[in-house]
Amino acid sequence: MVEKAAINLTETVRAYADALLGAAWGLGWRGTDAEDLVQETFVAFLQASERFEGRSTLKTYLFGILYNKAREKRRDAAREQAVDPIDEVFEQRFGFLDRWRTIPQGPEDLALAQETAGIVEVCMQSLPAQQRMAFYLKEVEHLPTEAICNILQVTVTHLGVALFRARNKLRECVQKQWKGSP
Amino acid sequence: MMHLLNCKEVTTRLALGDIRQYPWWERLVIRFHMVICDACRKYERQLKVIGKALGISIEEKRRKTDTADFQKRLINKLDKL
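As you go down the protein sequences, you meet chains X and F in turn.
Just so we're aligned, residue 1 is where the first sequence starts under this note's numbering, counting upward by one.
Just so we're aligned, residue 1001 is where the second sequence starts under this note's numbering, counting upward by one.
If you're looking for bench data, these hints aren't it; they were derived computationally from the structure.
Keep in mind that a hint or two might mislead.
Incomplete in silico selection of chain X near chain F, CB under 7 Å [what the hints assert, rightly or not]:
no., residue
1, D98
2, E121
3, L170
When the alpha-carbon atoms are kept at most 16 Å apart in a straight line, the in silico EDC-like pairs for lysine to aspartate or glutamate are as follows [what the hints assert, rightly or not]:
no., chain 1, residue 1, chain 2, residue 2
4, F, K1008, X, D87
5, X, K73, X, E35
6, F, K1061, X, D33
7, F, K1052, X, E115
8, F, K1077, X, E35
9, F, K1072, X, D87
10, X, K73, X, D33
11, F, K1064, X, D18
12, X, K69, X, D36
13, F, K1008, F, E1044
14, F, K1048, X, D36
15, F, K1077, X, E91
16, F, K1008, X, E115
Not close to chain X: a few residues of chain F, all C-beta gaps over 10 Å, as computed [to be verified]:
no., residue
17, W1025
18, M1034
19, R1063
We treat Cβ as the ideally placed atom computed from N, Cα and C, and that holds for glycine.
The task is simple: from the sequences and hints, build the whole structure.
Shown next as structure tokens:
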């Protein structure tokens, strides 16, 4: 059993508020909505901090609370749906011998990431909370698979499906929005 | 067993990312495919750009936000609970 450290509010806020605000933005919350979500996360944490048993890191634990609060408030589906339209879109990309029908279009040079940022932000809006959070935690927070599964309360297989769909949706959307794309 | 992967199989693995632990020969087959396949190479690069772009959009928000002030307000509110 890990010994529980007394919670120092100021230190905890200083250490994690920025990361939580980033996650709220990643989930598509804006301005004071995002700030309120972070505040509610801390309130919930303070009310039940004894439940934190040190099985995950404090950061992971807080991300989990934030994610659940966000879903509660916007009534997002808890689980990945069995069928997602992107799966069919993905299938259609491949033809004879499962080769690409046409070469993927859009930004492919890392130097273009800056220009792509605004497009990705818009494209993120079409993703359900679970796919957004999975993609955010993976690509921005660079959390290990185990921690992301812990936060989202899903299996590794489920996380794979969420990331697969998130990446393909975003790529399709970026391809469509990218200047001069056919 | 080692067998060549087609574009759809390679792309699926790229989209799933590193969360599945592929055996070394499969990783080798994926890398080999990328050398000879322009389309899959572009796909992989695009995923990298998109991941980085999201990070940049978050960083831009951070730059525009007075996070020190946010933390202060947050601590004040929580202290009153």
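Verification of the hints:
| no. | hint | result |
| --- | --- | --- |
| 1 | D98 | holds, 4 Å |
| 2 | E121 | holds, 5 Å |
| 3 | L170 | holds, 5 Å |
| 4 | F:K1008 to X:D87 | holds, 12 Å |
| 5 | X:K73 to X:E35 | holds, 14 Å |
| 6 | F:K1061 to X:D33 | holds, 14 Å |
| 7 | F:K1052 to X:E115 | holds, 11 Å |
| 8 | F:K1077 to X:E35 | holds, 12 Å |
| 9 | F:K1072 to X:D87 | violated, 45 Å |
| 10 | X:K73 to X:D33 | holds, 11 Å |
| 11 | F:K1064 to X:D18 | holds, 13 Å |
| 12 | X:K69 to X:D36 | holds, 11 Å |
| 13 | F:K1008 to F:E1044 | holds, 12 Å |
| 14 | F:K1048 to X:D36 | violated, 31 Å |
| 15 | F:K1077 to X:E91 | violated, 50 Å |
| 16 | F:K1008 to X:E115 | violated, 28 Å |
| 17 | W1025 | holds, 20 Å |
| 18 | M1034 | holds, 13 Å |
| 19 | R1063 | holds, 12 Å |
When the structure is compared with the earlier hints, violations turn up for hints 9, 14, 15 and 16 and for no others.
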